[in-house]
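2 protein chains.
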Amino acid sequence: MRKHDTLAIPAPPSNLQEDFARMLKDEEGADVTFIVGDKSFRAHRHVLAARSPAFRAELLDPTKEDPTKPVKVDDMDPVIFEALLYFMYTDTLPHGCDLEKNATLQHLFVVGVRYGLDRLATMCEGKLCQNINEQTVAAALTLAEWYDRVLLKNACIAFVSSQDVLDAMKETNGFKHLMTRYPGVMVDILKQNLPSSIGVRVIYGRIVFK
Amino acid sequence: MRKHDTLAIPAPPSNLQEDFARMLKDEEGADVTFIVGDKSFRAHRHVLAARSPAFRAELLDPTKEDPTKPVKVDDMDPVIFEALLYFMYTDTLPHGCDLEKNATLQHLFVVGVRYGLDRLATMCEGKLCQNINEQTVAAALTLAEWYDRVLLKNACIAFVSSQDVLDAMKETNGFKHLMTRYPGVMVDILKQNLPSSIGVRVIYGRIVFK
Numbered sequence: 001m002r003k004h005d006t007l008a009i010p011a012p013p014s015n016l017q018e019d020f021a022r023m024l025k026d027e028e029g030a031d032v033t034f035i036v037g038d039k040s041f042r043a044h045r046h047v048l049a050a051r052s053p054a055f056r057a058e059l060l061d062p063t064k065e066d067p068t069k070p071v072k073v074d075d076m077d078p079v080i081f082e083a084l085l086y087f088m089y090t091d092t093l094p095h096g097c098d099l100e101k102n103a104t105l106q107h108l109f110v111v112g113v114r115y116g117l118d119r120l121a122t123m124c125e126g127k128l129c130q131n132i133n134e135q136t137v138a139a140a141l142t143l144a145e146w147y148d149r150v151l152l153k154n155a156c157i158a159f160v161s162s163q164d165v166l167d168a169m170k171e172t173n174g175f176k177h178l179m180t181r182y183p184g185v186m187v188d189i190l191k192q193n194l195p196s197s198i199g200v201r202v203i204y205g206r207i208v209f210k
Numbered sequence: 001m002r003k004h005d006t007l008a009i010p011a012p013p014s015n016l017q018e019d020f021a022r023m024l025k026d027e028e029g030a031d032v033t034f035i036v037g038d039k040s041f042r043a044h045r046h047v048l049a050a051r052s053p054a055f056r057a058e059l060l061d062p063t064k065e066d067p068t069k070p071v072k073v074d075d076m077d078p079v080i081f082e083a084l085l086y087f088m089y090t091d092t093l094p095h096g097c098d099l100e101k102n103a104t105l106q107h108l109f110v111v112g113v114r115y116g117l118d119r120l121a122t123m124c125e126g127k128l129c130q131n132i133n134e135q136t137v138a139a140a141l142t143l144a145e146w147y148d149r150v151l152l153k154n155a156c157i158a159f160v161s162s163q164d165v166l167d168a169m170k171e172t173n174g175f176k177h178l179m180t181r182y183p184g185v186m187v188d189i190l191k192q193n194l195p196s197s198i199g200v201r202v203i204y205g206r207i208v209f210k
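In order, the protein sequence lines correspond to chains A and B. Residue 24 in our numbering sits at position 24 of the first sequence, with consecutive numbering throughout. Residue 175 in our numbering sits at position 175 of the second sequence, with consecutive numbering throughout.
Warning: the hint list may mix true and false statements.
Identical copies carry no separate label here, and so any pair may be met within one copy or between two of them.
[Claimed, not checked] Calculated pairs, BS3-like style, for lysine-lysine (alpha carbon to alpha carbon, straight line, at most 30 Å):
{"id": "1", "residue 1": "64", "residue 2": "170"}
{"id": "2", "residue 1": "153", "residue 2": "191"}
{"id": "3", "residue 1": "64", "residue 2": "153"}
{"id": "4", "residue 1": "25", "residue 2": "153"}
{"id": "5", "residue 1": "170", "residue 2": "39"}
{"id": "6", "residue 1": "25", "residue 2": "64"}
{"id": "7", "residue 1": "39", "residue 2": "176"}
{"id": "8", "residue 1": "191", "residue 2": "64"}
{"id": "9", "residue 1": "64", "residue 2": "127"}
{"id": "10", "residue 1": "25", "residue 2": "69"}
{"id": "11", "residue 1": "191", "residue 2": "170"}
{"id": "12", "residue 1": "69", "residue 2": "191"}
{"id": "13", "residue 1": "153", "residue 2": "72"}
{"id": "14", "residue 1": "101", "residue 2": "25"}
{"id": "15", "residue 1": "127", "residue 2": "191"}
{"id": "16", "residue 1": "127", "residue 2": "101"}
To be clear, the hints were calculated from the coordinates, so they are not data collected in a lab. Quick caveat, the model's predicted, so the values are computed rather than measured.
Using the sequences and the hints given, assemble the complete structure.
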């Protein structure tokens, strides 16, 4: 067998994402409607079920009386839901989905965790780490504690410990929320800034050095 | 805005293909059956329609009396149809689909062209080019002529022109078929081997030098 391998024809790039994005956009064959705020979205329940265990449980629940009834999504902005749907069909975020906007990013992170979309959650976690500043760090720490994301937490603590930002951080709404919910996180921050010979812990909500 | 971009979290790779491959395998929500030889396959008609204009025309034809009726595919090997379905959902070929086997490759190439899957057709065309030898070149040339694939044709002619293979090629079944169907292709081969001052063409099925 002689091989003629001097000629290489590059295959066109995959257009799977493009085709599925169009499938979502065209709504042809869509068999489920979501009502999100004042907007409605149509999608294909078996695509969503294939992509997310949370959607599978919601959409293919055999005990549901009327599976054709629109699904109401109460606690989400339509823009976030639209981005979520696009991600379900393509594993990417739509053009114009502004991850520089920290509120969008936080919502998408939460949605990623909630719907079992590890890739979305981790993409957002990485971006949240990059966006840490005096204004955002307390809210990011709260998210990290709530959803048990070690990388985000470490990035926040490293930021607070490495820069003179505690005063600015203390002024944000996020800080008050963080302290109410997770006072113990201050211990982790202090630990980074104290000589290792000094121990620190929280007893009855108060920070104690020993 | 200070950026904390020392920490980069790599997002997990896309699992879109994996999820859609499972969707095909599990057959959940499948709404069309194909009968291919002695095998049957279940799939999702709107996925196929989103991926191929030929499937769209076949499966979403509004004039069809009974759209739930199984679709009979007469002229295809079940193994090839299975690979085609997998490609529709993932843009890749399944494990165990042996592209080194020239017959498989030729069939998949034809299927790619027929169903408007340019990526599949071009992947196979590239592989057909690499697999050219004395045994395969005539059949590959026939395919190139029939489907008007310039790159494959050029690779075949370059192979025949650059090596002393005409005698071996003449003994293959493919060569007889090629000569019956496309006698003119010999002109292209000869042109590569003759000094440019000698003209050559086919008149009434015979090769004429001038």
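Results for each hint:
In this assembly of identical chains, residue 64 and residue 170 lie within 30 Å of each other by CA distance neither inside one copy nor across copies; the values are 48 Å within and 68 Å between. Taking the shortest Cα distances, residue 153 and residue 191 sit within 30 Å of each other inside one copy (14 Å), while across copies they are farther apart (71 Å). Proximity of residue 64 to residue 153 under the C-alpha cut-off of 30 Å is found in neither arrangement, the shortest distances being 40 Å within a copy and 58 Å between copies. In this assembly of identical chains, the alpha carbons of residue 25 and residue 153 never lie at most 30 Å apart, being 37 Å within a copy and 39 Å across copies at closest.
Taking the shortest alpha-carbon separations for residue 170 and residue 39, neither the intra-copy value of 38 Å nor the inter-copy value of 68 Å comes in at or below 30 Å. Taking CA atoms no more than 30 Å apart as the test, residue 25 paired with residue 64 passes in both settings, with 27 Å inside one copy and 25 Å between copies. Taking identical chains as interchangeable, the C-alpha atoms of residue 39 and residue 176 are never at most 30 Å apart, the minima being 34 Å within one chain and 65 Å between chains. Neither within a single protomer nor between protomers do residue 191 and residue 64 lie at most 30 Å apart by alpha-carbon distance, with minima of 51 Å and 72 Å respectively.
Taking CA atoms no more than 30 Å apart as the test, residue 64 paired with residue 127 passes in neither setting, with 38 Å inside one copy and 50 Å between copies. Taking the closest pair of Cα atoms, residue 25 and residue 69 come within 30 Å of each other both inside a single copy (21 Å) and across two copies (28 Å). For a Cα distance limit of 30 Å, the shortest separation of residue 191 from residue 170 inside one copy, 18 Å, qualifies, whereas the shortest one across copies, 82 Å, does not. Proximity of residue 69 and residue 191 under a CA criterion of 30 Å is satisfied in neither setting, with 53 Å inside one chain copy and 69 Å between copies.
Within a single copy, residue 153 and residue 72 get their C-alpha atoms no closer than 33 Å, and across copies no closer than 57 Å, so neither meets the 30 Å cut-off. Taking the shortest Cα distances, residue 101 and residue 25 sit within 30 Å of each other inside one copy (25 Å), while across copies they are farther apart (39 Å). In the homo-oligomer, the alpha carbons of residue 127 and residue 191 lie at most 30 Å apart inside one protomer (26 Å), although the nearest pairing across protomers, at 60 Å, exceeds that limit. When the C-alpha separation of residue 127 and residue 101 is checked against a cutoff of 30 Å, the pair qualifies only within one copy, where the shortest distance is 10 Å, while the shortest distance between copies is 46 Å.
The structure fails to meet hints 1, 3, 4, 5, 7, 8, 9, 12, 13 from the earlier list, while all remaining hints are met.
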